[in-house]
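Starting from the known structure of chain L, fit chains H, X and Z with the ligands onto it as the hints suggest.
Protein chains in written order, with our numbering: chain L, 1 to 351; chain H, 1001 to 1351; chain X, 2001 to 2336; chain Z, 3001 to 3336.
Just so you know, these hints were derived from the structure itself, not from any lab.
Among the clues, some could well be false.
Said to hold, decoys possible - Taking lysine to aspartate or glutamate pairs in the DMTMM-like style, the calculated list, with each CA pair at most 20 Å apart, reads:
#1 Z:Lys3176 - H:Glu1050
#2 L:Lys328 - L:Asp314
#3 Z:Lys3176 - Z:Glu3216
#4 Z:Lys3335 - H:Asp1242
#5 L:Lys35 - Z:Glu3255
#6 Z:Lys3176 - H:Asp1051
#7 X:Lys2045 - X:Glu2255
#8 H:Lys1285 - H:Asp1203
#9 Z:Lys3335 - H:Asp1074
#10 H:Lys1348 - X:Asp2262
#11 Z:Lys3335 - H:Asp1165
#12 X:Lys2045 - X:Glu2312
#13 X:Lys2045 - H:Asp1345
#14 X:Lys2176 - L:Glu50
#15 H:Lys1035 - X:Asp2264
#16 H:Lys1348 - X:Glu2255
#17 H:Lys1194 - Z:Asp3336
#18 H:Lys1285 - L:Asp282
As the structure is a prediction and not an experimental result, all values here were calculated from the model.
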Amino acid sequence: MRVINFAKAINEALACAMEADQRVICYGLGVDDPKGIFGTTLGLQDRFGEDRVFDMPTSENAMTGVGIGASMNDIRPVMTHQRLDFFLLAMDQLVNNAAKWYYMFGGQQSVPITIRLILGRGWGQGPTHSQNLQSWFAHVPGLKVVMPTTPADAKGLLLSSIFDDNPVVFLEHRWLHNVEGDVPQGDFWVPIGKAHLLEEGDDLTIVSMSYMTIEALHATAHMKALGVGCDLIDLRTIMPLDWEAIAVSVRKTGRLLVLDTASETGSFAGEVIARSAMHLFDVLKQAPRRIAMPDFPSPTSPALTRGYYRGAADIVRVTSEMLGQDLKPDAAEKNRQSPHDVPGDWFKGPF
Amino acid sequence: MRVINFAKAINEALACAMEADQRVICYGLGVDDPKGIFGTTLGLQDRFGEDRVFDMPTSENAMTGVGIGASMNDIRPVMTHQRLDFFLLAMDQLVNNAAKWYYMFGGQQSVPITIRLILGRGWGQGPTHSQNLQSWFAHVPGLKVVMPTTPADAKGLLLSSIFDDNPVVFLEHRWLHNVEGDVPQGDFWVPIGKAHLLEEGDDLTIVSMSYMTIEALHATAHMKALGVGCDLIDLRTIMPLDWEAIAVSVRKTGRLLVLDTASETGSFAGEVIARSAMHLFDVLKQAPRRIAMPDFPSPTSPALTRGYYRGAADIVRVTSEMLGQDLKPDAAEKNRQSPHDVPGDWFKGPF
Amino acid sequence: MSLTARESLDNPRVADAGLARELLYRMKRIRMVEEAIAERYPEGKMRCPTHLSIGQEAVSAAVGMALRAGDFAVSGHRAHGHYLGKGGDLKKMIAEIYGKATGCSGGKGGSMHLIDRDVGFMGSTAIVASTIPVGVGLGLSIRLRGGDQISTVFLGDGAVEEGVFFESANFAALKKLPVLFVCENNFYSVYSPMRVRQPPGRSIHAMVGSLGVPSESGDGNDVVDVYTRVRSAVEEIRNGAGPRFFEFTTYRWREHCGPNFDNDIGYRSQDEFLSWKSKDPIERLEGQLVGTGALGKEDIGRMEADIRHEVEQAFAFAESSPFPSADETFTHLYKD
Amino acid sequence: MSLTARESLDNPRVADAGLARELLYRMKRIRMVEEAIAERYPEGKMRCPTHLSIGQEAVSAAVGMALRAGDFAVSGHRAHGHYLGKGGDLKKMIAEIYGKATGCSGGKGGSMHLIDRDVGFMGSTAIVASTIPVGVGLGLSIRLRGGDQISTVFLGDGAVEEGVFFESANFAALKKLPVLFVCENNFYSVYSPMRVRQPPGRSIHAMVGSLGVPSESGDGNDVVDVYTRVRSAVEEIRNGAGPRFFEFTTYRWREHCGPNFDNDIGYRSQDEFLSWKSKDPIERLEGQLVGTGALGKEDIGRMEADIRHEVEQAFAFAESSPFPSADETFTHLYKD
Ligand SMILES: Cc1ncc(C[n+]2csc(CCOP(=O)(O)OP(=O)(O)O)c2C)c(N)n1
Ligand SMILES: Cc1ncc(C[n+]2csc(CCOP(=O)(O)OP(=O)(O)O)c2C)c(N)n1
Ligand SMILES: [Mg+2]
Ligand SMILES: [Mg+2]
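The shape of chain L in the complex, shown without the other chains (with noise of 0.2 Å):
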């Protein structure tokens, strides 16, 4: 193991899966460029050259068709959208051609290919580059969906999808591209459907996903210091979601928060609520909580998102509200240096 920041690890993950089995292929818009998706891709065309790994038209809804009969006939796509708020041109392929196939055909073909669509946030990406529709997805039969948070769950995480033999979204919150973490080497698969607890406590089950984890370490370890202990479920892959993973926490603390990268109102976290107060009904303590997005779109102005975005403190709030104790939640930023409006000091924009 070493450390490796979350974008190197899904560039391994790809130069692996590509390794390792020729059906692999990797397109999208500026796959091949300077750049390199955040660096995810860089380096992919030279070790497996232009037919393998291209770049392509700004024609998202036939190159997510392209991908989808290529792989009927043993091809392994990986698409790459820079930001989800494009792939909304494809829906209809996703949803009305790659979800449904295995099915409506009786199960003869399935359509095992990966998308990778990156969640934008902050500097200003606004309305249309900010975009989070995961509820979506895990609306839509057939589909899986996976949110990875940590770099070797990104790297297990796109390993599993790519060999997945169903279409996968996966998808990558830019913030969290630069954040580093041990990852193993080599063919490394974290399985699809599997949440991962990543703090343990007794007094609040916290649920997240994505770029929000990130948020949840640091209120937990906040939270930590004075007394209050939490379970922290990341849950990796929202679709299948690991029900009894929230289930078993739940049942111990009683306590439920949900977070969620997206607009609050039919967001995931509402589904996760739903089920809890449908299937564990008695074992809620009080009622469960969500932080979402604002139902709004998000604007641009730093002086706007600042308001618009949840993070930390927001989580360390809502626990105290919970528990009925002062947990202090502007403590809970005062450590963090940069602007709210980019990730680190890494991050120098403009995308």
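Okay, now just chains H, X and Z with the ligands, sitting in the frame of chain L:
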């Protein structure tokens, strides 16, 4: 007042809007054809001319953008699609443009378009002609989402939608087009954002929408005869949601069952249950429940749809479980003579 | 066969009647299957939207014959002819329309979602233009895997209006993929005539040519000509020439969806229908073959009897097949 | 003015230097605004993705000048030039990039989402090709409401690859809408050259022509020629001739997004850049005007000083403007 069917009520609303306001236009594949979108647009072209009522190329995405653009210069477009499924091609225009325009340009220009989408069911509509994606639309800040059940609401809500200054997704269930009811003549509006209490009772709150409300009416009539009284709340619009109507009822009954026409996971029913768990936790006497479609694509064969769709018997069955009484679920279906895959004897297929 | 179909027919001395006979047989088979569906549809046992291709059989028959079983094809809502032309299993198709477990999609797809992977028919779906990029992706897979297969995309004149067609053609041209686009221009999209959908005077095939895909148009009711031209294009595609596009004009005789004639409802005229009916591709070839003495009335009678028998068997198979069991609703969500 | 720009410049005796001077002024203004943004961007106060149009000013200047304030225009991510060319308020644009309350979108949009309805600039957005149908819809609205306005759609060579462009052009042609499409072909989409996106040898304008929209191409760095041709097309569109498409070749000097030069990172060569730099539209016209004596060095100095002053004022305005208050995050969801 006189009794007309839902399709005729839509037709009246369109005629009424176009009569009252020169700015209203109506377009979509087949709006001027002999079938007139299941009768809903019959006669409009004759009456209002080819400039204001027109067919279009099979170009769902651009034609949505065209409506958006026209609406910015004081036109009121009503676009129609014979199935919601086709509209997946237009998500970019709907979500990235229509929903956000007013917000992202600081409130200077709204997008007053109405998009009618028809929800298919039965007679082998199958995986690509039966999707119900209302929770997608409700998750996108800036859209309004209307789902009428009764002919009167269809008329009154369509008129409100057309003259609303915001983009409205207006969802018509194919199985409602022949439902009859009293509909006021002339200019008749029903406000967006107000639910309708269709039945009253103290034992259970049923929250429903669109065609599922018809099933709920069968179920509540059956249960009333057995002495069980339900509040039946027909949402009519899911965004904005009339939360107050739900809260008032649940505070009274303490029990909540939510119905949805869509696949269960990520359904809008889940959102209603999540909110009830978060905001009405203390008044809930037991775990809330939901009845939605399974997390599978819709199959085509009648042998497969029989077990796929949910109806009155399921509502009675779940209510029985919730109340701990045997309410004879099977009997709730007994009086209905048509095969399960058609809305009634009037329906002869194929579309 | 050593001569192209066109040569053989143009030159009676060397006529290879076998080829023409085969084309006739294939067209008749599609016609008789579709007629049988139309006849029985009102019974209410085929409970799904069903789009018949009666009148348009020539393209299906000719293109299917120009392809190998190992070649791929995809199609849209009006796919019966394409499926059968490509060699798809008739029994499984009828059973699928009946929603039976023995259907080609196990009853999950119905008339609009057909598949027969054994003969390279990779799927038809009901969203207009939605399989076009899928067919192009199959072409890409051939390029990546090597070999001389080709991928065929059947589409209509309405599908041409979808942006995804344009995007797909662009990519096929960019990568010179082995893709054959076959557009049946029957002048209508549901009830909508060309006039309300595409600019006056614009030619579909010329437009596609200017996108970068070599294109031509032809009479879609002249089965021998369709066969001859497609066949030579197929050879070129196999040899690496890149994609080709054909626009074949033809006509749907019955209603857009369902079994009936609908010239009375007003979107097209009885005259128009009759003028196209007089160009029936089957009568035309049959007339030629009988005229030149290549086929006798008797041969034709035998051909029809054979087909009738096969069709009856297919319907019998469908009717007698079991429905899928109720729990099949809940299988095939994911492949394990 | 009685002569077209081309005539006036070709014929020094009757030169209407006023027109050329105005074009020069407009180009310089866009250039100097963009240069100022580039210079100050590293300060980290313009906190949004920002796409500069340095090198491409001619099209913005000429097309803007050929339009009336009452005409509509829409654009994409690289819209500063189009906004300014159309007459958009400079102060409000800079303030918007700074995220200020006084910005043209109240700080909600940033560089990629500009609007100035007072001059018909109806919006630019950051999803490639997304405003193209919006511009066509504005054209439809003009048709419905009457009058001789036109609607202008600015797009890039990458946007041409989106299906929605094709669909929009089809509809504009079908309905003969008063739409002017202006495509700036700068040969790149982000870092991707034409070669990986569009078939070799295909001409964008010829393709669009075959869709049914009369099309031509031109040198996008020859501002007078752009103006002359667009102006006459605009007149035709106003008179009901239907849509027109122009492909103007030009070149972006700096990185796709952000303030820097990036010829070193490998996707294009310094030579290519230099050859385009030598075709700088501003130097070219300036050279001509100075060469013919129509403008003196002094005039130019004055012009630049004026612009410099205006630009400084705009930045001062932006810097000194207040940020939107925190609760503005939660306004403008719906219009009441
Ligand atoms: C995306 C989409 N839009 C609309 C429809 C409705 N529809 C079903 S078939 C059809 C006609 C398409 O016309 P064409 O491609 O010419 O095929 P034809 O029916 O003439 O064989 C349409 C518009 C659809 N299925 N999918
Ligand atoms: C739908 C969509 N896909 C991809 C992108 C990423 N993107 C931003 S700008 C751009 C380049 C578009 O190229 P072109 O239209 O030629 O404009 P230019 O940048 O050259 O001015 C791309 C691909 C996007 N914003 N939207
Ligand atoms: Mg057609
Ligand atoms: Mg470009």
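How the hints compare with the structure:
1. With a CA separation close to 15 Å, the supplied pair Lys3176 (chain Z) and Glu1050 (chain H) stays within the 20 Å bound.
2. For the hint pairing Lys328 (chain L) with Asp314 (chain L), the CA-to-CA distance comes to about 11 Å; that is within 20 Å, so the pair holds.
3. With a C-alpha separation of about 17 Å, the suggested pair Lys3176 (chain Z) and Glu3216 (chain Z) falls inside the 20 Å cut-off, and the hint holds.
4. Note on Lys3335 (chain Z) and Asp1242 (chain H): the hinted pairing holds, with a Cα-Cα distance of about 18 Å set against a maximum of 20 Å.
5. For the given pair, Lys35 (chain L) sits about 12 Å from Glu3255 (chain Z) by alpha-carbon distance, which is consistent with the 20 Å threshold.
6. Pair hint Lys3176 (chain Z) plus Asp1051 (chain H) holds up; C-alpha atoms about 13 Å apart against a cutoff of 20 Å.
7. Among the hinted pairs, Lys2045 (chain X) with Glu2255 (chain X) is consistent with the structure: their alpha-carbon atoms are about 19 Å apart, no more than 20 Å.
8. Only pairs whose Cα atoms come within 20 Å are accepted, and Lys1285 (chain H) paired with Asp1203 (chain H) is accepted, the gap being roughly 11 Å.
9. Between Lys3335 (chain Z) and Asp1074 (chain H) the alpha-carbon distance is near 14 Å, which keeps this suggested pair within the 20 Å criterion.
10. At most 20 Å may separate the alpha-carbon atoms for a hinted pair to count; Lys1348 (chain H) and Asp2262 (chain X) meet this at roughly 16 Å.
11. Between Lys3335 (chain Z) and Asp1165 (chain H) the CA atoms are separated by roughly 6 Å; this keeps the pair inside 20 Å, and the hint holds.
12. Among the hinted pairs, Lys2045 (chain X) with Glu2312 (chain X) is consistent with the structure: their alpha-carbon atoms are about 16 Å apart, no more than 20 Å.
13. As the CA atoms of Lys2045 (chain X) and Asp1345 (chain H) are separated by approximately 15 Å, the hinted pair is consistent with the 20 Å bound.
14. The suggested pairing of Lys2176 (chain X) with Glu50 (chain L) holds, with an alpha-carbon distance near 15 Å, which does not exceed 20 Å.
15. Taking the CA atoms of Lys1035 (chain H) and Asp2264 (chain X), the gap is about 12 Å. The hint holds against a cut of 20 Å.
16. Simply put, Lys1348 (chain H) and Glu2255 (chain X) have alpha-carbon atoms about 15 Å apart, close enough for the 20 Å limit, and the pair holds.
17. For the hint linking Lys1194 (chain H) to Asp3336 (chain Z), the alpha-carbon distance of about 16 Å falls within 20 Å, and the restraint holds.
18. Our distance criterion of 20 Å between C-alpha atoms is met by Lys1285 (chain H) and Asp282 (chain L), whose separation comes to about 10 Å.
Of the numbered hints stated above, none is contradicted by the structure.
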